[in-house]
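Protein chains: 2
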Amino acid sequence: MNVEIINTGSELMLGFVLNTHQQWLCRQLADLGHPVSRQVAVPDTGAAIQTAVKEALARTELIIVTGGLGPTSDDLTRDLIAKLFEKKLHYDATVLQNIETFFAKRGRPMPPNTAVQALVPEGALVLANAHGTAPGLVLEFVPPTSNANAPGLLVMLPGPPRELRPMFANQVVPLLRKKFPLTAGFVCHTFKTTGLGESLIQDEIAQPLKQLTDAGLEIGYCARVGEVDVRLVASGSRAEQIVTDAGTIVRSRIGRHIFSEGGETLETVVVRLLTERRQTLALAESCTGGHIANRITNVPGASAVLWAGLVTYSNESKQNLLGVRAETLAAHGAVSEPTAREMAEGARRISGADYALSVTGIAGPAGGTEAKPVGTVFIALASVDGAKVLQSVNGYDRETFKFVTSQQALEMLRRTILLSAATTKD
Amino acid sequence: MNVEIINTGSELMLGFVLNTHQQWLCRQLADLGHPVSRQVAVPDTGAAIQTAVKEALARTELIIVTGGLGPTSDDLTRDLIAKLFEKKLHYDATVLQNIETFFAKRGRPMPPNTAVQALVPEGALVLANAHGTAPGLVLEFVPPTSNANAPGLLVMLPGPPRELRPMFANQVVPLLRKKFPLTAGFVCHTFKTTGLGESLIQDEIAQPLKQLTDAGLEIGYCARVGEVDVRLVASGSRAEQIVTDAGTIVRSRIGRHIFSEGGETLETVVVRLLTERRQTLALAESCTGGHIANRITNVPGASAVLWAGLVTYSNESKQNLLGVRAETLAAHGAVSEPTAREMAEGARRISGADYALSVTGIAGPAGGTEAKPVGTVFIALASVDGAKVLQSVNGYDRETFKFVTSQQALEMLRRTILLSAATTKD
Chain A
12 MNVEIINTGS
22 ELMLGFVLNT
32 HQQWLCRQLA
42 DLGHPVSRQV
52 AVPDTGAAIQ
62 TAVKEALART
72 ELIIVTGGLG
82 PTSDDLTRDL
92 IAKLFEKKLH
102 YDATVLQNIE
112 TFFAKRGRPM
122 PPNTAVQALV
132 PEGALVLANA
142 HGTAPGLVLE
152 FVPPTSNANA
162 PGLLVMLPGP
172 PRELRPMFAN
182 QVVPLLRKKF
192 PLTAGFVCHT
202 FKTTGLGESL
212 IQDEIAQPLK
222 QLTDAGLEIG
232 YCARVGEVDV
242 RLVASGSRAE
252 QIVTDAGTIV
262 RSRIGRHIFS
272 EGGETLETVV
282 VRLLTERRQT
292 LALAESCTGG
302 HIANRITNVP
312 GASAVLWAGL
322 VTYSNESKQN
332 LLGVRAETLA
342 AHGAVSEPTA
352 REMAEGARRI
362 SGADYALSVT
372 GIAGPAGGTE
382 AKPVGTVFIA
392 LASVDGAKVL
402 QSVNGYDRET
412 FKFVTSQQAL
422 EMLRRTILLS
432 AATTKD
Chain B
12 MNVEIINTGS
22 ELMLGFVLNT
32 HQQWLCRQLA
42 DLGHPVSRQV
52 AVPDTGAAIQ
62 TAVKEALART
72 ELIIVTGGLG
82 PTSDDLTRDL
92 IAKLFEKKLH
102 YDATVLQNIE
112 TFFAKRGRPM
122 PPNTAVQALV
132 PEGALVLANA
142 HGTAPGLVLE
152 FVPPTSNANA
162 PGLLVMLPGP
172 PRELRPMFAN
182 QVVPLLRKKF
192 PLTAGFVCHT
202 FKTTGLGESL
212 IQDEIAQPLK
222 QLTDAGLEIG
232 YCARVGEVDV
242 RLVASGSRAE
252 QIVTDAGTIV
262 RSRIGRHIFS
272 EGGETLETVV
282 VRLLTERRQT
292 LALAESCTGG
302 HIANRITNVP
312 GASAVLWAGL
322 VTYSNESKQN
332 LLGVRAETLA
342 AHGAVSEPTA
352 REMAEGARRI
362 SGADYALSVT
372 GIAGPAGGTE
382 AKPVGTVFIA
392 LASVDGAKVL
402 QSVNGYDRET
412 FKFVTSQQAL
422 EMLRRTILLS
432 AATTKD
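One line per chain: the protein sequences are A and B, in this order.
Under the working numbering, the first residue of the first sequence is numbered 12, with each subsequent residue one higher.
Under the working numbering, the first residue of the second sequence is numbered 12, with each subsequent residue one higher.
For the record, the hints were derived by calculation from the structure and aren't laboratory data.
Just to be clear, a hint being listed does not mean it is correct.
In this list, chains with the same sequence are indistinguishable; a pair is considered to hold if it fits within one copy or across any two.
Claimed, not checked - Once the Cα atoms are required to be at most 30 Å apart in a straight line, the calculated DSS-like pairs of lysine-lysine come out as:
1) Lys221 to Lys189
2) Lys116 to Lys383
3) Lys94 to Lys221
4) Lys190 to Lys94
5) Lys99 to Lys203
6) Lys383 to Lys98
7) Lys98 to Lys399
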């Protein structure tokens, strides 16, 4: 089956907006067993949208069009596609009612031009918009493949992500499951890992999985700096068994590098582990400059576990706030194993938290020396068992450096929490 | 002129990677006066890449292809396009030398398969890669428009952004300026603003600019939550004058909301202003959880101005680290005007910094009350002139809340620094 996404919007073509729909929709569709074969973005002009849709109709069974369903003069998608399909538009009473309710709830008058969003091409299925005024629309068409019993689907979705995503998840996914049932079973399972590069993971698992890949297992690697997703996919009647067996092998080979199997981020896992154990955390960040605190506090409920984060960028603040000794700074420098250790121990002492994580390093672009090049970092973790320090050289641009370093620090914390729990149980 | 971007990579189609090339390249090309007319993403399969390139050759003068130039088996772009152009590949000695140097510098043996990246289609222009091993390649073709004196260009760029971006800026931009000179003047000027919504800005400037838009001025608004870019564009012999006149009007109408005209981020402006004045900053963040510190420390040289950032998530840390009084917390709560004020004053007192910025609020999704709904936030700024407090309700999801709140806080700081400088001069 061919699947095509068409993103409309001049703001995309002028580079004013990042197209996050592509990744999100592609991931959803791949996990449903319908990977996207082509994605196209075009400006809000009539000719460009119609050309893109016409081309897609000639080669595709499923077309998802995003954007251009709003009330303003550059929202042309609904009109243009209705014309292309030779369908008249009529006002849909339920949609009109929804738009009126939307404004009434907010105590705002309904601008007259918003009523245009209630226009629906004849024969279209209407997808209610729980978070905005423009509904989604679905039209059937005859796809290029000759099987007339299975019509193609063109799905129009509103542009704003907070409207598009729930509409897709709650209404389009069930529709696709019904209209495009997978002829055979389809199973997909993703491991999120950190601490091993893509090629090292491949070296570890490719050979042991050989028998299963011969039997139809597909392995996908999604490598970002500091994080690799391993995706196991199989189709057919044995899909479930193949992915289960493969998962067992993957866990046995790289288990300690897997931090989640359900899609959780590393910071979410850490907050969850601490919450479950009613333990607390203090942070003392130099070179990561609050990046770790920011990630931790992106997780709802982080306030239950984070006592405080200290961004001690200056030597003075390392001394005053954390009690790092002047002699330590003088003898070893701010970027050193002893300083990292004293930062973590100081943060734990002043906070009384169960764990204190510290980071000191050289983010660059300036500040490196021969002995300590740009990217040098010391990460320390203090707990009831004392403090341990990890040294690394993360030679990346400033923002990547911060992310990679925060991954190492959070992973060090995750493993320590798990290990300490294991010890307690013994 | 038609411009098309083709992004290749199965990782894009599976939703494993966010396509940041589209926005970046679209913005660069729009600012050069060559807005992109279509962007396409296809998987790493031979047929899909060749079809996309063939279609583009038939309707386009400039084609940018990203990805697929690396050394592994799924890097097919170079081969496929050479075949399509009926060009033989030969080893380029300079490129081979660069690859050898790349590995030698890192003290790593050169993997034999990396030599394939030195293969260059005959007649291609080679773009040196300063940050990796795969060079960029440029081929000329006869475009669909009949002017044979101006050949079309197909530019192949490596996939990693840290390789693609400098290659485009340093080598492709000069080439495009030479090969596709703008027939008439083209001037583009962008204002970055915060604190006014898109429609309010439009209300302020559209009417006063009417005469200039009638004369050919184009106004583009790029609205993100917490930030609106206003882009003024004109072509033709009067372009410079039109944009200059329009800029004067925009500054007179919304000047105090403009934080940069050269593309600087708000955090970069704040760090620059403090550095110029040799002033220092301390941060005390509750609900933004380190987001402001993280933004400030993304700016190289931030260590000269940031004394420390304190992420005081718990009441206890607000008291112990910042000296917020227990009575204040008991009487008014952690999210209150007096607490924000005491946090800022405390941070300034312990740090001796010139400015101390504090934030306390309810990021959500839980924790709101009728009197203080989710999104309620108090931002305080302490300086030699005392402390002032701003209250706002930023009703967004957690991460958007943090960004919008950090915009308000940084903008409050920016204006205060400028005001204080103005006062000093008097």
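Hints versus structure:
1. Lys221 to Lys189: Neither: 34 Å inside a copy, 53 Å across copies.
2. Lys116 to Lys383: Cα proximity of lysine 116 and lysine 383: across copies only (17 Å, versus 58 Å in one copy).
3. Lys94 to Lys221: neither (52 Å within a copy, 33 Å between copies)
4. Lys190 to Lys94: within (24 Å within a copy, 39 Å between copies)
5. Lys99 to Lys203: neither (48 Å within a copy, 42 Å between copies)
6. Lys383 to Lys98: Neither, since 68 Å and 48 Å both go past 30 Å.
7. Lys98 to Lys399: Neither way: lysine 98 and lysine 399 sit 68 Å apart in one copy and 58 Å across, limit 30 Å.
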